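Here is how the chains run, residue by residue.
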Amino acid sequence: MGIYLALKEIWRNRGRFFLFSLVIALITVLVLFIAALADGLGNGNKEYIEKLNGDLIVYKANVDLSIPTSRVDRGKRTETLRVPGVKDVGQASFSSVVLLHGENKKLNVALIGVEPGKPGEPPVVQGRGLTEKRGKEAIIDRNVALRTNLHVGDDLTIKSIQGTQEEFFVLRIVGVSDGRQYSLQPSVIVPHLTFDLIKPGTPATGNETDLISNVLIVQLQDPANWKNMAVAVEEQVNDVRAVDRKTAYENTPGYSAQQSTLNTQNFFSLLIGILVIGGFFQIQMLQKVPQIGMLKAIGAPNGTIGIAALTQIIIVTVVGVAIGTALTLLLSLTFPATVPIVFSPNAILLGIGSLLLVGPIGGLVSIRYALRVEPLTALGLAS
Amino acid sequence: MAIALETVSVSKFYKSDNGITKAVDAVSIDIKQGEFVALVGPSGSGKTSLLAMLATLLAPSDGAILIDGQDLAQMNDARRTAFRREKIGFTFQQNNMVPYLTALENVELMLRLNGKYNRVGRERARELLTRLGLGERLNNLPRQLSGGQQQRVAIARALIHNPSVVLADEPTASLDTERAHQVVQTFANLIHEQNRAGIMVTHDLRMTQYADRIIQMRDGQLARTISSPHEIRAFATTAEAN
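First to last, the sequence lines map onto chains A and B.
For the first sequence, our numbering begins at 1 and goes up steadily by one.
For the second sequence, our numbering begins at 1 and goes up steadily by one.
In case anyone wonders, no lab produced these hints; they're calculated from the structure.
It is possible that some hints are incorrect.
[Said to hold, decoys possible] Computed spacing ranges between beta-carbons, pair by pair: (1) A/Arg16 / B/Ala173: 41 to 51 Å; (2) A/Arg14 / B/Ser146: 42 to 52 Å; (3) A/Arg16 / B/Ser9: 44 to 54 Å.
[To be verified] In the SDA-like style, the derived pairs of lysine to any residue whose C-alpha atoms are separated by at most 20 Å in a straight line are: (4) A/Lys8 / B/Leu113; (5) B/Lys116 / A/Thr78; (6) B/Lys15 / A/Lys227; (7) A/Lys8 / B/Ala59; (8) A/Lys8 / B/Pro142; (9) A/Lys133 / A/His101; (10) A/Lys106 / A/Thr157; (11) A/Lys136 / A/Val152; (12) B/Lys116 / A/Glu167; (13) A/Lys87 / A/Ala232; (14) B/Lys87 / A/Thr304; (15) A/Lys8 / B/Leu101; (16) A/Lys60 / A/Leu37; (17) A/Lys136 / A/His101; (18) A/Lys8 / B/Arg112; (19) A/Lys8 / B/Lys87; (20) B/Lys116 / A/Thr304; (21) A/Lys227 / A/Arg241; (22) A/Lys8 / B/Tyr117; (23) B/Lys87 / B/Lys22; (24) B/Lys87 / A/Pro301; (25) B/Lys87 / A/Ile3; (26) A/Lys8 / B/Ala188; (27) A/Lys8 / B/Leu145; (28) B/Lys116 / A/Lys60; (29) B/Lys116 / A/Tyr4; (30) A/Lys8 / B/Asn118; (31) A/Lys8 / B/Lys22; (32) B/Lys22 / A/Leu376; (33) A/Lys8 / B/Lys15; (34) A/Lys8 / B/Gln144; (35) A/Lys60 / A/Thr78; (36) B/Lys87 / A/Arg241; (37) A/Lys136 / A/Lys87; (38) A/Lys8 / B/Arg122.
Note that the structure is a prediction, hence the values are computed from the model and not measured.
The beta-carbon is built from N, C-alpha and C at its ideal position, and this holds for glycine as well.
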């Protein structure tokens, strides 16, 4: 009976209810875009570290887990490799350079130096991995490939400022990995000794024994035991700090501040959604007080009134969220690849789930109000 | 004829800063099946409070109300709501109809509420509305109906589920004289035909000519009961002349 009343009212006032569904659709678009942006930006910051084929990241101690500040030398690498339970160790360093492609086109990329065949080098989806310690070769991630149209076998040119001079380095692309962004930039992965020659600043000595990197990437024999192993590494290797991948990317510059900002925006979008939906249904309920009073006076139980109100809220919310989700996905197709928006199934499902809850939560006050309508007062029969 | 509704010394008191106000004071009446009663009296005489108590919307402070022999005071809220749905038909001064249901759906609403919505019930709803002159308006929404037509839909809704008692609160308040006579006369005829107990609260004393009995209230008490057809006609004629 309650559902019958709800459906009849919606159908006979479909224009009004559809307009309100559109308001919910717009809130949905906002929430899903912010969630996608949070995912996209988060991905841009953490993708390389999150996907690392290593279980611990080892920093110099007392650098607040700042990768750019951290310096770990070859000796630490050797000591870490000796810790029982450590399977393999690779050195990795990070910098930012300009990739020149096409006709005078530039792309800022993260230059990542790794040891060929060691933890830190991403697996390729095309071509082959790095093989030469000093090779003029590079792996580009999927984002570089998409944005430059470079392929395996092509040469790429890196521009780097060394001292006060612009230096240009030509590298042969030997492989393409999946998305490995770092610091919101697509990445070019090169052998560490090549990295040392290319990176902005003063070139290093070029000797493997002098290799200094930002961090060590440590593979463990038992990845599940990472907590104990982090303690073991810190105890057995002087002046280092070892953390898991999640801790590492949460401490990349700006990541936490950015994510908390976007999460706060999302929270407030949902809160605004609750208030808008609550306000709409409350206003509608106030207009329906005499009608509800009449229904109660002729014997409609509270259950019928409550179910009618809840059904309307659910239908309007579901329609609004469905329209909003479809709109979001359609709009996202028009965005260029440079916009950092990622629609991960988890984030979308979480967003949709939250929005579907927002309707009933927002409408709770109006449902409670409907249940408390006093028929005598509503019909003007109270003395 | 059997008694459909009986009040036994029923009272309604309200506490206020000025003490206790007696809205209804020890009123005892009984109304038989097939009897149409007009409840009249000046504002504040207690007729609306009495109607609200008969409709089970207001609990008496004292006394008892029996409908079909069942004491309303013995029922809890849920039972009273169900009892009201099954045994009482109600028309109101205004806001009589659900605005998004058609005339036919408004009448069928009582059948749905009572779990009696079936082919026979639907046919009866159509017949009743046709009988009330709304055969061409079955699928019209309330906003497409005049005030008189809406009152007739409300009458059909009040009768469709075969209640024992039908209550009407100022059914002619928003109607012109001609429409008011039509509505009340039709109401009275249906009460008689269907053997219900009908009570109409009205300020318009001219409408009492269709009643079998007039109960006049003053200051919460029964002031006068007029039962003879001759006296009823005289009462209504005087009102018409005024």
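Hint check results:
{"no.": "1", "hint": "A/Arg16 / B/Ala173: 41 to 51 Å", "in the structure": "violated (30 Å)"}
{"no.": "2", "hint": "A/Arg14 / B/Ser146: 42 to 52 Å", "in the structure": "violated (26 Å)"}
{"no.": "3", "hint": "A/Arg16 / B/Ser9: 44 to 54 Å", "in the structure": "holds (51 Å)"}
{"no.": "4", "hint": "A/Lys8 / B/Leu113", "in the structure": "holds (15 Å)"}
{"no.": "5", "hint": "B/Lys116 / A/Thr78", "in the structure": "violated (86 Å)"}
{"no.": "6", "hint": "B/Lys15 / A/Lys227", "in the structure": "violated (72 Å)"}
{"no.": "7", "hint": "A/Lys8 / B/Ala59", "in the structure": "violated (33 Å)"}
{"no.": "8", "hint": "A/Lys8 / B/Pro142", "in the structure": "holds (14 Å)"}
{"no.": "9", "hint": "A/Lys133 / A/His101", "in the structure": "violated (25 Å)"}
{"no.": "10", "hint": "A/Lys106 / A/Thr157", "in the structure": "holds (10 Å)"}
{"no.": "11", "hint": "A/Lys136 / A/Val152", "in the structure": "holds (14 Å)"}
{"no.": "12", "hint": "B/Lys116 / A/Glu167", "in the structure": "violated (89 Å)"}
{"no.": "13", "hint": "A/Lys87 / A/Ala232", "in the structure": "holds (14 Å)"}
{"no.": "14", "hint": "B/Lys87 / A/Thr304", "in the structure": "holds (19 Å)"}
{"no.": "15", "hint": "A/Lys8 / B/Leu101", "in the structure": "holds (7 Å)"}
{"no.": "16", "hint": "A/Lys60 / A/Leu37", "in the structure": "violated (32 Å)"}
{"no.": "17", "hint": "A/Lys136 / A/His101", "in the structure": "holds (17 Å)"}
{"no.": "18", "hint": "A/Lys8 / B/Arg112", "in the structure": "holds (14 Å)"}
{"no.": "19", "hint": "A/Lys8 / B/Lys87", "in the structure": "violated (26 Å)"}
{"no.": "20", "hint": "B/Lys116 / A/Thr304", "in the structure": "holds (16 Å)"}
{"no.": "21", "hint": "A/Lys227 / A/Arg241", "in the structure": "holds (12 Å)"}
{"no.": "22", "hint": "A/Lys8 / B/Tyr117", "in the structure": "holds (16 Å)"}
{"no.": "23", "hint": "B/Lys87 / B/Lys22", "in the structure": "violated (28 Å)"}
{"no.": "24", "hint": "B/Lys87 / A/Pro301", "in the structure": "holds (15 Å)"}
{"no.": "25", "hint": "B/Lys87 / A/Ile3", "in the structure": "violated (24 Å)"}
{"no.": "26", "hint": "A/Lys8 / B/Ala188", "in the structure": "violated (32 Å)"}
{"no.": "27", "hint": "A/Lys8 / B/Leu145", "in the structure": "holds (18 Å)"}
{"no.": "28", "hint": "B/Lys116 / A/Lys60", "in the structure": "violated (81 Å)"}
{"no.": "29", "hint": "B/Lys116 / A/Tyr4", "in the structure": "holds (15 Å)"}
{"no.": "30", "hint": "A/Lys8 / B/Asn118", "in the structure": "holds (18 Å)"}
{"no.": "31", "hint": "A/Lys8 / B/Lys22", "in the structure": "violated (43 Å)"}
{"no.": "32", "hint": "B/Lys22 / A/Leu376", "in the structure": "holds (18 Å)"}
{"no.": "33", "hint": "A/Lys8 / B/Lys15", "in the structure": "violated (42 Å)"}
{"no.": "34", "hint": "A/Lys8 / B/Gln144", "in the structure": "holds (17 Å)"}
{"no.": "35", "hint": "A/Lys60 / A/Thr78", "in the structure": "holds (14 Å)"}
{"no.": "36", "hint": "B/Lys87 / A/Arg241", "in the structure": "violated (81 Å)"}
{"no.": "37", "hint": "A/Lys136 / A/Lys87", "in the structure": "violated (28 Å)"}
{"no.": "38", "hint": "A/Lys8 / B/Arg122", "in the structure": "holds (17 Å)"}
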